[in-house]
Structure formats: structure tokens, C-alpha cells
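Quick mapping for you: the protein sequence lines, in order, are chains A and B. The first sequence begins at 3 in the numbering used here and counts up by one. The second sequence begins at 3 in the numbering used here and counts up by one.
Hints should not be assumed to be uniformly reliable.
It does not matter which identical chain is used: a pair holds within one copy or between any two.
[As the list claims (entries may be wrong)] Calculated lysine-lysine pairs in the DSBU-like style (CA-CA distance at most 30 Å, straight line):
| no. | residue 1 | residue 2 |
| --- | --- | --- |
| 1 | LYS217 | LYS168 |
| 2 | LYS160 | LYS61 |
| 3 | LYS188 | LYS61 |
| 4 | LYS223 | LYS188 |
| 5 | LYS61 | LYS168 |
| 6 | LYS188 | LYS217 |
| 7 | LYS61 | LYS217 |
Source of the hints: derived by calculation from the structure; they are not laboratory data. These numbers come from a predicted model, not from an experiment.
There are 2 protein chains.
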Amino acid sequence: MESRRFLFSVLLLVGLRCGAASRSVIRLYDDQSQKFLRLDDNLYCESWRFSVETNDAGKWESIPSRCQRFVEDYMTGGRYLSDSTIVADYALEFARGVQIAADGRDAWVFDIDETLLSNLPYYESHGFGSEEFNENLFDAWVDSAEAPALLASAALYKELQQQGFKIFLLTGRSEHQRNATETNLKMAGFSNWEKLILRSSADQGKHAVIYKSEKRLELTKEGYRLHGNSGDQWSDLWGFAEAERSFKLPNPMYYIA
Amino acid sequence: MESRRFLFSVLLLVGLRCGAASRSVIRLYDDQSQKFLRLDDNLYCESWRFSVETNDAGKWESIPSRCQRFVEDYMTGGRYLSDSTIVADYALEFARGVQIAADGRDAWVFDIDETLLSNLPYYESHGFGSEEFNENLFDAWVDSAEAPALLASAALYKELQQQGFKIFLLTGRSEHQRNATETNLKMAGFSNWEKLILRSSADQGKHAVIYKSEKRLELTKEGYRLHGNSGDQWSDLWGFAEAERSFKLPNPMYYIA
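Isolated chain A (complex conformation) (with noise of 0.2 Å):
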């Protein structure tokens, strides 16, 4: 019984279409029809994803436009937050096995954006990611400092404090920035962090995944013992200087290099 239902997936074969006119080359093909077959909307845009997620996608500009549907659902229909509760809950299992020394040097670090704090307001009015970046617009959302807590981060934030972890905020955001991401973060409710860290004039242009390694450096050679790191970007939490574990929170709406 078991087997016969598996030889039955079999029929759909996997073929190779060598014609440019679509990225896609490695399709799924039915030996019984002979035809190749259109994933539906749903489930292309689930394993589209499931590739963004886990990096297989490498570095992607826009959300695919048949996509835009599957990204609001699922950013706005519980799927989102359900998921970050999720990482956030695996996160505070692992930090309550660390042991806190006495020396104040027992560090986490978390990212802001998609992190600590959700930007959805302003993508919801830009497209779920659909839409190219508009840098100058962002940057007008980002200083009305009204972003609210990314719910699920901002309970393991507190309760990291609490358990005695220094916090140290890593952004890409830029120094210019500082005051309105103070302000923003207040307004959402964290405070007590060790270190807000953005980028300097010398910071710019570095990609993130080194910049972001080159400060996580810094930290260990002041002694921090990097456990946790929080982050929607692999490029928060890969590099160099990792931390012991790393969080990485859901993004399907934007990819930073």
C-alpha cells in the first residue's frame, strides 16, 4: 500500500527546458501527459519561500509578482507572527541552558529591523516587497520612528534582560539615524540596551554580513561572550565572530546582502 502510493508521485518526472525565455530550468514534468506542469500560485510561492528562507535563493531583488498575494497573507494573516513566536521560544529554551557569570559579559545580539522592531506598516503600503526599494521614502518611515515592536522579539528581549544578558543592537541603519531610532525604540517599548551600534561614514558601502562580523569582532575583544544572535538576514548572523547560536526570524519581503 505504502509503496504504491510513492510510485504514484513517481509519474511526475522532473525535466530540463533549455529555452531562456523563463529563469525557471529545472521543471516538474508529468510522463503521463507529456507536459510539463504550472505549479500553482500556493505552492510555487510556498517553495519560493522555503528557498529565500534557508539562503538557497542566494540574492533576490523583489518578491516574484505572483507571489505578492502569498507574502500579505503571510505577513498579515497570523502566519507571520506564529512563526517568529516560534524562534523566539526556541531562543529564550537555549539562553535559559546558559549559565550568567558574575563579570556582566554574557552578550546577546539582536538586529532592529524585522528584528525588534516591524516595519509591515510602511511595506504594506509599498507592495509586501513587490515594489523596488524606494530608499528615500524608507528613510522618511524610519524617521517618524513609528515602527512598532515586532511582538514575539520584544518578549525574549525582556526576559533576556531579566535572566542578566547584555543587549547590544546591531543595525544597518546609519548613524544619522541614531536619534530616531532611539526614539522609535523607546516608543516600542525597549530600553536598557548595552550598546546601539550603526553605521559610521566608514561603515558605508561594506556589505552587511562583513560589517555586521567586523562589529561582532569588536565585541568578543572586549570580552563579551556572544551566545545569541536574533536577526531576518543571514547576513545578521553569518561571517565571522558568529555567535553560539543564531535566530534567524522570517523575511519573505526583502534581501540584504
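With chain A held as given, fit chain B onto it using these hints.
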């Protein structure tokens, strides 16, 4: 209008619970009803899958019992095939951009289980990862050499060979399983790999991430350029001597450290 939808979702507050009866410590809390929300199984299992595929969950032993049906549906209902096909597609897109040199040193590394060969027929008979792993039963399955090809990877494998990549197979299987593994690979349509690397007696007991990194390092010392690496476990991909690009295939059934 947009902000109204957002305000509605903020009514779901994240609460902290200190009881030790359940593992979960950060959960969704409904401020209006003043009750913790129990995620329905599907929403929970989708989020659990996000956490295991991004490695946020860290080491895990078996799938949550409430997710057995979810994993079965995922593995047999088309999503697994769709996800792995799109991963292969991104891998091939990257591979086509690689300039193949005349020295025969452009290489791609493949894991075997749940990467080239699918053990789904075995796991269909053993709870899709909800049963405790039984090494004797699984070894007997390996010896039977009946695992079918993972279709998306088979298409990628052939295309990479045509482009001139040297293929290295790097598996956690042991040297005494070489004959069964070679037989199975050939029966499933794979051929002409450069080298099949299995665990020698000296490799027994090493964490997969160390064993695999060491073997990749040996390849780079032999002059191979590791452009791509395909595997279903992060321990296939991370460590040192990492490939230029890593491609994480889905596997919600089991975890290898």
C-alpha cells in the same frame, strides 16, 4: 485603512508563562479574552518546520507527535517535490554562471541520503520521523539498495556533469556500506561520480559537520574548487572549507548534528 488591519493583529500579545509542564515559554496571548492561544496544529507545524529548516530549533530528536500527519502530507502531497525542485533550480542557475576551467578542478559536492537518494519508502513505514531512529532497521534498508532517486537532484546531477563539474559524493554512511551504496546509486540512475567518500573507521564518532568539513578541506588541498554543495542537513553545508554556495534541501523528518 492599512493601519487598522495592523492594529487588529496587535491585539494578539505575546505573553510569558513560567509553568514547567510544557516546553513552550513564549506563546501568543489574546489581550481581549485574556487567554493564551493554542495554535491550531497546521499553523504550529508550519512554524515548527520553519524553525527546523532554518536551524533555529537546533538539535532535535523526533518530530512533534502533533505534526506527524503534517509531515506525512508535506512529504507525500507534492510540497516536498516542489520545494526540492525549486532548490535544484536555484542551484542550476548558479552553476550556469560558473566558468568551467580546463584543469578539471571545478567541483560540486552532494550528500546522499535525502539529497540524491530518497529514504521516503523507509520513513513511510516508520512514522515519517515520529518514531525513534532504529539503526538496525535503517541499516537493513540501506543494504537493500532500494532507495529511489530524489528526482530534482537527479536532474541537477546530470546537468552539472554535462557542464563539466566533477561530482563528489560525501556521505555519513560507513565504509562497510560502500557496495550497497554504489549499487543503489547506480540502480537509481547516478553514474560517473569522481569519488564516493564514506566514513572510515577513523571518522566514526565525529560530528557530521567536522567529518564533512575535513573531507571538503582535503578536496580543496587537492586543488578542487568547491563551487556548490547540496545537502539536506546544515551539517552537510556548514563548518569550514565551505563551498562557494550551499543549497539546503528540505528535510522535516530527522536531524543530524
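**Message:** Within a copy, between copies, both or neither: which one fits LYS61 and LYS168 at a CA-CA cutoff of 30 Å?
**Reply:** between (32 Å within a copy, 25 Å between copies)
**Message:** At most 30 Å between CA atoms: does that hold for LYS188 and LYS61 within a copy, between copies, both, or neither?
**Reply:** neither (33 Å within a copy, 35 Å between copies)
**Prompt:** Is it within, between, both, or neither for LYS188 and LYS217, if the alpha carbons may be no more than 30 Å apart?
**Reply:** Only inside one copy: LYS188 and LYS217 sit 23 Å apart there, 49 Å across copies, limit 30 Å.
**Prompt:** Are the CA atoms of LYS160 and LYS61 at most 30 Å apart within a copy, between copies, both, or neither?
**Reply:** between (33 Å within a copy, 25 Å between copies)
**Message:** Checking an output row: LYS217 and LYS168, CA cutoff 30 Å. Within, between, both or neither?
**Reply:** Within one copy only: 15 Å inside a chain, 38 Å across chains, cut-off 30 Å.
**Message:** Regarding LYS61 and LYS217, is the shortest C-alpha distance of 30 Å or less found within a copy, between copies, in both, or in neither?
**Reply:** Cα proximity of LYS61 and LYS217: in one copy and across copies (23 Å, 28 Å).
**Item:** Identical-chain pair category, LYS223 with LYS188, by Cα at 30 Å
**Value:** within (29 Å within a copy, 52 Å between copies)
Hint 3 from the earlier list is the only one contradicted by this structure; the remaining hints agree with it.
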